[in-house]
Amino acid sequence: MTFLPLLFAVYVEGDDRDLASRLKRHEPEALAELYDRYGRLAYSLIYRVVHDVGVAEDLVQETFLRVWNRSQGFDVERGALGPWLLAVARNRAIDYLRSACGRMSRSSLELAETEHPAAFANFETEVLSQDQARRVRTALDRLNENQRHVIELAYFEGLSQTEMAERMGQPLGTVKTWVRTALKNLREDLGQKAATA
Amino acid sequence: MNCDELREQYELYVLGVLDEPERAEIDEHLRRQGDPCIAGVRRAREVMGSLALAAPESHPSARLRKRITGLVGEEQRGWNWAAIWIAATACLALVAVWLGMERRDQARTLTQVQLEMQGKSAELLRLNEAFALMNDPTARQLVFGEGAPKPSRGRVFVSPGQGVLLVASNLPPAPPGKIYEMWVIPKGGKPVPAGLFQSAPDGTAMYLRKGAVDVATTGMIAVTLEPEAGSPQPTTTPIIVAAL
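Going down the list, the protein sequences come from chains A and B.
Residue numbers for the first sequence follow the numbering used here, so the first one is 1 and each next one is one higher.
Residue numbers for the second sequence follow the numbering used here, so the first one is 1001 and each next one is one higher.
Calculated from the structure, these hints are not laboratory results.
Take every hint as true, because none was put in to throw you off.
Sample of chain A residues facing chain B (criterion: CB under 7 Å; computed from the structure): (1) Pro-28; (2) Leu-45; (3) Tyr-47; (4) Arg-48; (5) Glu-57; (6) Phe-64; (7) Thr-114; (8) Phe-123; (9) Val-127; (10) Ala-133; (11) Leu-183; (12) Leu-190.
Since we're looking at a predicted model, the values are computed, not measured.
All C-beta atoms, glycine included, are put in the ideal place defined by N, C-alpha and C.
Build out the structure end to end from the sequences listed, making use of the hints.
The following block contains the structure:
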């Protein structure tokens, strides 16, 4: 699989806090603004996972509706709206993929726990900025092929290390090493740089 | 497992792909340890969240936005307002144009009616005055042109109190630049101008010269063809002569 790091021009116009406040008040215009701000990014992420235009659009719709319905639990002052929405989008796509592939041993409840709005509070950096997009590209380019592959399988296909080992026909220990090394490198490149950004 | 061992699993944990029993261990660990490890999970969520930026750029269809905003009524409401605004503006414009045209037509019609009414009123007034003069018992009736179809023939009524009325037929309209002029000619005196008039296209004419007339001193009533501005004295041979 080839990584084509995308430098999304995530142009955050206005204040996400104001937008989140209006979402919590269920102002219909706020949903339109949220889509204008993050719709393309959410669609690109979901399409990357499901590779089907119709399914991707259905899942994007489901994503925004879920955010709309759960916005009451979002912390306006400390929450990170974009990362939360993208986590919801990824989970919808992974959930669909697991269902379509018959991999229902991993429940959607498990994914739902990872997208609780309260979990996206106190982010130290703007994780969707253009600078961060460049750092992601650089960090992924620095990984070797196996390391990038396992990160992709985890992020874009939702595979566990056991499932990766089966898919790649590699010993579980080898896959765990690749994953551990890849995550360590990403943590160093993105976490530390992001923290100092 | 201790904090350091679990820390390496945080990224897989936040992605929801961690195998058991590690996932359950982290759940339990976070409940037990609290903030320090929660901060580690938050940092892992930041790092993993930015991987969305690695997805190749794709563009959803334009209708997707309508679908999504339509779920909460925003699209319909926006469309309705716009449609109402456009429809209202269009209707107002049409009504304004229609009213403008209608008003202009009504004004034109009203002017025509007023002009016709003025004409009719003047004609009616003239006829009333003519009938009043003809019914004046003191008026004298003079006949001219009798027995001869040409020149014109008709009658002249001379009322001492009301004036002179000429009723003629077979009097063709005066040619361009010319007009008929009536004269009151005293016995043994010079003709006195008594007004200008024109006959109708069918050759009929009715002309009333209002004002007192001294019948005793008047010798005749005559009509000549004169320049359209009129003349102080006749310049042509009289077409009509009615002697008192």
